[in-house]
Each structure stands twice: as structure tokens, then as C-alpha cells.
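**Q** Position one of the sequence shown corresponds to residue 1 (this note's numbering), numbered consecutively onward.
Certain hints may be false.
[Said to hold, decoys possible] Distance windows between CB atoms, simulated:
| no. | residue 1 | residue 2 | range |
| --- | --- | --- | --- |
| 1 | Asn112 | Phe37 | 28 to 36 Å |
| 2 | Ser2 | Gly73 | 23 to 31 Å |
| 3 | Ser2 | Glu140 | 29 to 37 Å |
| 4 | Gly43 | Ser2 | 31 to 39 Å |
| 5 | Asp134 | His7 | 18 to 26 Å |
| 6 | Ser70 | Glu101 | 27 to 35 Å |
| 7 | Val122 | Leu142 | 12 to 20 Å |
Hint data in this document are derived by calculation from the structure and do not stem from the laboratory. Glycine is no exception: its CB is placed at the ideal position from the N, C-alpha and C atoms.
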Amino acid sequence: MSRVQAHGTAIKVGETGLVFIGPPGAGKSSLALQTLFSARMAGHFAALVSDDQLFLEAVDGGVRAVGPASIAGMIELRGSGIGRVASIPDAMIHHAIRLVETHAGNRIPEENQYWRADGGIVLPMLFLDRLVRDPYPWLEALIDGFPLRPFVPDGA
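All chains should be built: construct the whole structure from the sequences, respecting the hints.
**A** Below you can see the structure in the form of C-alpha cells.
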């Protein structure tokens, strides 16, 4: 099993694992934190796997994210410092959420896109405007069965 380092924020909500990806400053930590909060308010399990740095492993036909022990439970609160939240050491990941700046030319992305990381890691990729204040309802609308049951399209 090969392990590759990646830049992103991984969380588990209900039974669904997500990794928020995008350039530095895109809002990965903030949107992941808001998703965790909203999931808990809706009565679902929600925990951080890792913020900023994580390891991805191809396992049993899926992808597992593992957080470095040295930053367990820590999340960057831009402009405020480092916060602490409920965390778990690892989780199976079902979707990559790419944060984008939406404009007239990219309002509706092409369907069936995938994020490819080093080491042959491939995840179904969804797009989320980085200015969305609360990703939770967007994720409910985009992911069939979210957060209770992960939806992985055929061919992923």
C-alpha cells in the first residue's frame, strides 16, 4: 500500500468522507469547519481527519485519508489562529470537493470529473463556490444519500 502526501482538509460526515481541495487561501479549512458544525446541528456524526496536510492511501478499492498525529484535531482559523475540533485519525474518502471562484463561464461544471492525486489516487470530484457560507445543504443536494450513505458513481 503506497501512501502519498496531499494538501487539503479531510472530514467525515455521517458515513461520507470528503477532502476539500484548492489553492492556499481558498477557504478549505473554513468550509470544512462550517460543514462539520452544520452536520452536528443536523444530528449527524462529524469529525475532522486532518487540516492542511494529510496522507492518502489506496485501500481495498477505495481511498483512505490519514492525518499526521502531530496536528490531530487542529484546524486553521484564518485570521484567528489554530482551533481544536473533534477529530478521528483516518477515514475512507468518497469525494474531493474542489473550491472554485464561480463566474459566468463556469457556472455549471462538466459532470463526472475526477481528482487525480499522486500514487494513482482517484476520487470523484465535485465543485463548490468558495464563497458559499454553508456547504452542508449544497453537499446534501449534490451527493445522493449524504451524509448517511456515500454515493460513488460507476467507474470511480
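**Q** Each of the hints needs a verdict: does it hold here or not?
**A** Okay, the hints, checked on the actual structure:
no., hint, in the structure
1, Asn112 x Phe37: 28 to 36 Å, "holds, 30 Å"
2, Ser2 x Gly73: 23 to 31 Å, "holds, 26 Å"
3, Ser2 x Glu140: 29 to 37 Å, "holds, 33 Å"
4, Gly43 x Ser2: 31 to 39 Å, "holds, 37 Å"
5, Asp134 x His7: 18 to 26 Å, "holds, 23 Å"
6, Ser70 x Glu101: 27 to 35 Å, "holds, 32 Å"
7, Val122 x Leu142: 12 to 20 Å, "holds, 18 Å"
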